[in-house]
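**Q** Given chain Z, put chain E in place with the hints provided.
If you're matching them up, the sequences are chains Z and E in order. Residues 109 to 517 in the working numbering are what the first sequence lists, from first letter to last. Residues 46 to 621 in the working numbering are what the second sequence lists, from first letter to last.
Bear in mind the hints are in silico, worked out from the structure with no lab data behind them. Quick reminder that beta carbons are idealized off the backbone N, C-alpha and C, glycines included. You may find that some hints are simply not true.
[Stated by the list, open to error] Sample of chain E residues lacking proximity to chain Z, with all beta carbon distances greater than 12 Å (derived):
1. Lys166
2. Gly349
3. Lys357
4. Glu571
[As the list claims (entries may be wrong)] Result set (PhoX-like, lysine-lysine): computed pairs, CA atoms no more than 25 Å apart in a straight line:
5. Lys491(E) with Lys439(E)
6. Lys357(E) with Lys215(E)
7. Lys373(Z) with Lys426(E)
8. Lys357(E) with Lys373(Z)
9. Lys347(Z) with Lys305(Z)
10. Lys373(Z) with Lys331(E)
11. Lys542(E) with Lys355(Z)
12. Lys410(E) with Lys301(E)
13. Lys355(Z) with Lys357(E)
14. Lys373(Z) with Lys542(E)
So the chains spell out like this:
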Amino acid sequence: MEFAEHIKTANVEDVVLRQPLHPPSRGTLCITGHHLLFSDREESSSRQVLLLLRNIDAIEKSVENLLGYPGFFSNAGHSERPTDLSLEDQWDLSSPEKHYSQMKELHERWRLSSVNRDYLVCASYPPAVIVPHSIDDDTLKKAAKFRQGGRFPILCYYHRKNGMVIVRSSQPLTGANRKRCKEDELLLQAVIDGSDKGYIIDTRSSQQAQQARMTGGGFESKSCYSRWKRLHRQMERGKSLQESLIKLVEACGDESHNMDRWLSKLENSKWLSHVQTALSTAGLLAECVERDGHSVLVHGSEGTDCSLLISTLAQLIMDPHCRTMEGFLALLEREWVQAGHPFQHRCAHSAYSHARLQQESPVFLLLLDCVWQLWRQFPLALGFSEALLLRLASQTRRRPNTLKRFRRK
Amino acid sequence: MEHIRTPKVEQVRLLDRSAGQRKASVGTLYLSATHTIFVENNPETRRETWVLHSMVSSVERPPSTPTGSQLILRCKDFRVFHIFIPQERDSVDVHASLVRLSRPEKYSELYCLSFNPNVNKEEREESWNFTDLTADYKRMGVPNNLWVATAANSEYRVCDTYPSELFVPKSATPAIIVGSSRFRSRGRFPALSYFHQDTLAAVCRCSQPLSGFSGRSQEDEMMLQAVMKSNPGSDYIYVVDTRPKLNAMANRAAGKGYENEDHYTNIKLQFIGIENIHVMRSSQQKIIDVGEMRAPSMTDFLWGLENSGWLKHIKAVLDAGVFIARAVADEGISVLVHCSDGWDRTAQACSVASILLDPYYRTIKGLMALIEKDWVSFGHKFSHRYAHLDGDPKEVSPVIDQFLECVWQLSEQFPCAFEFNERFLIAIHTHVYSCQYGTFLGNCQKERRDMRLCERSHSVWPQLWKDRAEYANPLYKAELSQSQGVLRPNTTPYCFKMWKGLYNHVEKSTPPRQSPADFLAAVKEESQQLEEELTNHQEVPPGGPTHQQQGSRQEDSNPDGEANHMGEGGGSEEDD
Chain Z
109 MEFAEHIKTA NVEDVVLRQP LHPPSRGTLC ITGHHLLFSD REESSSRQVL
159 LLLRNIDAIE KSVENLLGYP GFFSNAGHSE RPTDLSLEDQ WDLSSPEKHY
209 SQMKELHERW RLSSVNRDYL VCASYPPAVI VPHSIDDDTL KKAAKFRQGG
259 RFPILCYYHR KNGMVIVRSS QPLTGANRKR CKEDELLLQA VIDGSDKGYI
309 IDTRSSQQAQ QARMTGGGFE SKSCYSRWKR LHRQMERGKS LQESLIKLVE
359 ACGDESHNMD RWLSKLENSK WLSHVQTALS TAGLLAECVE RDGHSVLVHG
409 SEGTDCSLLI STLAQLIMDP HCRTMEGFLA LLEREWVQAG HPFQHRCAHS
459 AYSHARLQQE SPVFLLLLDC VWQLWRQFPL ALGFSEALLL RLASQTRRRP
509 NTLKRFRRK
Chain E
46 MEHIRTPKVE QVRLLDRSAG QRKASVGTLY LSATHTIFVE NNPETRRETW
96 VLHSMVSSVE RPPSTPTGSQ LILRCKDFRV FHIFIPQERD SVDVHASLVR
146 LSRPEKYSEL YCLSFNPNVN KEEREESWNF TDLTADYKRM GVPNNLWVAT
196 AANSEYRVCD TYPSELFVPK SATPAIIVGS SRFRSRGRFP ALSYFHQDTL
246 AAVCRCSQPL SGFSGRSQED EMMLQAVMKS NPGSDYIYVV DTRPKLNAMA
296 NRAAGKGYEN EDHYTNIKLQ FIGIENIHVM RSSQQKIIDV GEMRAPSMTD
346 FLWGLENSGW LKHIKAVLDA GVFIARAVAD EGISVLVHCS DGWDRTAQAC
396 SVASILLDPY YRTIKGLMAL IEKDWVSFGH KFSHRYAHLD GDPKEVSPVI
446 DQFLECVWQL SEQFPCAFEF NERFLIAIHT HVYSCQYGTF LGNCQKERRD
496 MRLCERSHSV WPQLWKDRAE YANPLYKAEL SQSQGVLRPN TTPYCFKMWK
546 GLYNHVEKST PPRQSPADFL AAVKEESQQL EEELTNHQEV PPGGPTHQQQ
596 GSRQEDSNPD GEANHMGEGG GSEEDD
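Chain Z extracted, bound-state conformation (with noise of 0.2 Å):
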């Protein structure tokens, strides 16, 4: 059965509309099988919203009391007009290949693998890869069985200025039994060939860790990897971020304006607190390539959030290219659609649904947050404006699964 057959009233007249920040509209409301399609009356204004009918996330139905308004929706966002999207075209903004082959500079040391043509051996990697040349294939095949979901070490990032990298992961299996992997440790010790030391930023804190070996994961224990620093942050991730969002929003939306409360709800809701943390972990990670001239391997547990954004930040802290408007889009590609973060479970719903899916978490919107907050401080280095973070916001919302598209196959 069509949406389009399960509409019962396709018109209604005499709507009000209430939004936020807008006087009320009164109009017509149409329902078709992809939108809601709101007319405002007035004659001076023309006036339309239209509403995709994916984007509404929760629907509530209040008696008004006087004038017996049939309901309102809330929602997350209104749709433009569908234009065209440009950035729906750009397929290929940029690849491990790319990147390889623009980055002459890497070719002494590392070489691009396509031991994961087929998926086989990480299905959340791309097809190609980064990896030390020193380590062939097999190596790389034994590697990954030792990180969870295969996700085995990689590069992402090379500074031009002192040769260091920065990688990421995700957690190794150590397990409780505290086991070892040779050719983990082989990987790991030619990522710092010719190095002293490297740094391993752990996105949990050390208890967290620890405790991760009685479910099968762990950390790089001292003994096994000698010259790795450990250094721990401890990043909020998963189901707390998403309550982070929702009281954020909730305490925005708070109609009675009253000022009283405002910034101790927003303390509350700790979205800030969030934001801090993973700039000044980002700064750490640019620090220790930056200006100790070390390499950083990035993980969490599965490598696929919190090392992302922490990688991406320190980039753009690093990498000037990666703040003009290509770069950052090809680094957004690289390191969030082509490294395999879910973006279907994170983004499936807004901060205004009641549903709490397992998955959620607004890793991505927290990113635009903090890059944002970046331009707020450094408001001539980048080469792109708030439009544009605005409009990633509300694309990843509304086509998760086609902009950034998520599993290939």
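**A** For chain E alone, kept in the frame of chain Z given last:
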């Protein structure tokens, strides 16, 4: 000079944390009659730091340590200096001197009055004519057939804290004016603040009525009637009491209070709860503390900000202005504004409303005129509020600070609507406290006249006007719809930001903040310079006038044949 115990101390260390300084610099400290001066020992820079005594808010001397004695100088513009003096005796002397010097007892001790009055006499007297209030009223369309000038207060006999030039409703006779002033606290009867030509509605101001529980005054009631009649488009007026209702009611026990709607027909009373000067004073201290926090967590910062209540108060002042502006512009209803004495919250509400209503006040000259009108001429107690002299600390309160901040908050919401930038507001703020100029000295017009301030000091406005390039907002476009007409700001709590430019000096560190506005201004200036150069080149024909021949390009040449430039051969040819 007699207050200076030690004019010079060597080997002093100074730390100006508000300028982002991390390490103290070593140098010599001097005390003059008007300034504290620190000169760095560094022979290359010999950098000097000057602090006006009148800018010093407090001098603290924490207990000495073995390494030496410290003095903490806190300034009224929120800068903080830490001074380390090796010898304890010197630090005691400097402390005592500074305490005395920063608390002048007489106006004559102040910087603005401490120079030879005969030098630059004419220039000085001229500077006081820079703002012309009569011209501003005229620009508003006043006097007209609804509002007239009254000479009742020309000698300050009716109200000694009001200006001599006042506008009242046409039907307000001198008897009504005098009677009404007797029924108002401090004699501050209803007078015109702003006339909105589009709707013929007006903003008037006064102080609280001396009504107590049952008092009435026929003249005062007639005065309010007259205000109403001066607006042919409406048959009632709003009376806005900017105090919290509870405070207003409490005042009745002291024989004052607010207008009884039963006695004053055709008024609608509206309370807008702006807190009093004591609450504001302590609130500002808390936000200063927030600004001084070093490496706070997000929680510390947000809690500190909310706990200070500062942004809540700013919003309250802005809400008052918004209410008045809406009433006047959208509903076409006149508004009479008062608080207790009509010189603090009233001034804030009326001037914020004016900014919202009239684009002229969003220009540099306009803001100067507005402050001269609603603050200076209408008797806001500058010297008391901003501690120009050593006086009652309970009188001190950041009233104009809040007004300036409201303007800043508006400029953040409407970046193209203001001709000036944040620096202009900060400069005004500094001068309100600094007493370098006579503009803000004293507590009312009469006092300034009696002090003969115009003859003895300069006005600040011409100097600010001279520096206006620094204060210009390159995004300002007078023709933009955003800049014209009435501003309608969004006053949801999340629209209010902390004014880092004022309270968080620590930010002013290297590297300097990137400012798109400054960048744009620099680009504009460069373009202008290039255009001027281009024009200059076009005026000089190629090769110089001596080689000019008939039939060559004549467009730019002077038809009078005047020689503008001497060519290589000397002399010039006449153009035909």
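**Q** Report holds if the minimum CB distance from Lys166(E) to chain Z is greater than 12 Å, and violated otherwise.
**A** 47 Å, holds
**Q** Verify the proposed pairing of Lys410(E) with Lys301(E), using a straight-line Cα cut of 25 Å.
**A** Not satisfied, since the Cα-Cα distance of roughly 38 Å exceeds 25 Å.
**Q** Starting from Lys491(E), check that the Cα of Lys439(E) is at most 25 Å away, please.
**A** Roughly 23 Å separates the two Cα atoms, so the pair holds.
**Q** Does the alpha-carbon distance linking Lys373(Z) and Lys542(E) stay inside the 25 Å limit?
**A** At roughly 16 Å apart (the allowed maximum being 25 Å), Lys542(E) and Lys373(Z) satisfy the hint.
**Q** Under the criterion that the straight-line Cα-Cα distance not exceed 25 Å, is the pair Lys357(E), Lys215(E) satisfied?
**A** 39 Å, violated
**Q** Does Lys305(Z) lie within 25 Å of Lys347(Z) when you go C-alpha to C-alpha?
**A** 35 Å, violated
**Q** Far enough from chain Z: is every CB of that chain over 12 Å from the CB of Gly349(E)?
**A** 9 Å, violated
**Q** Within 25 Å, alpha carbon to alpha carbon, are Lys542(E) and Lys355(Z)?
**A** Cα-Cα ~20 Å, so holds.
**Q** Is the Cα-Cα distance between Lys373(Z) and Lys331(E) 25 Å or less?
**A** Roughly 20 Å separates the two Cα atoms, so the pair holds.
**Q** Is the straight-line distance between the alpha-carbon of Lys357(E) and that of Lys373(Z) 25 Å or less?
**A** 14 Å, holds
**Q** Taking the shortest Cβ-to-Cβ distance between Glu571(E) and chain Z, state whether it exceeds 12 Å.
**A** Its Cβ never comes within 12 Å of chain Z, the nearest being 16 Å, so this holds.
**Q** Lys355(Z) and Lys357(E) were given as a pair; does the straight-line alpha-carbon distance stay at or below 25 Å?
**A** 21 Å, holds
Violated hints, listed in ascending order, are 2, 3, 6, 7, 9 and 12; each of the other numbered hints is respected by the structure.
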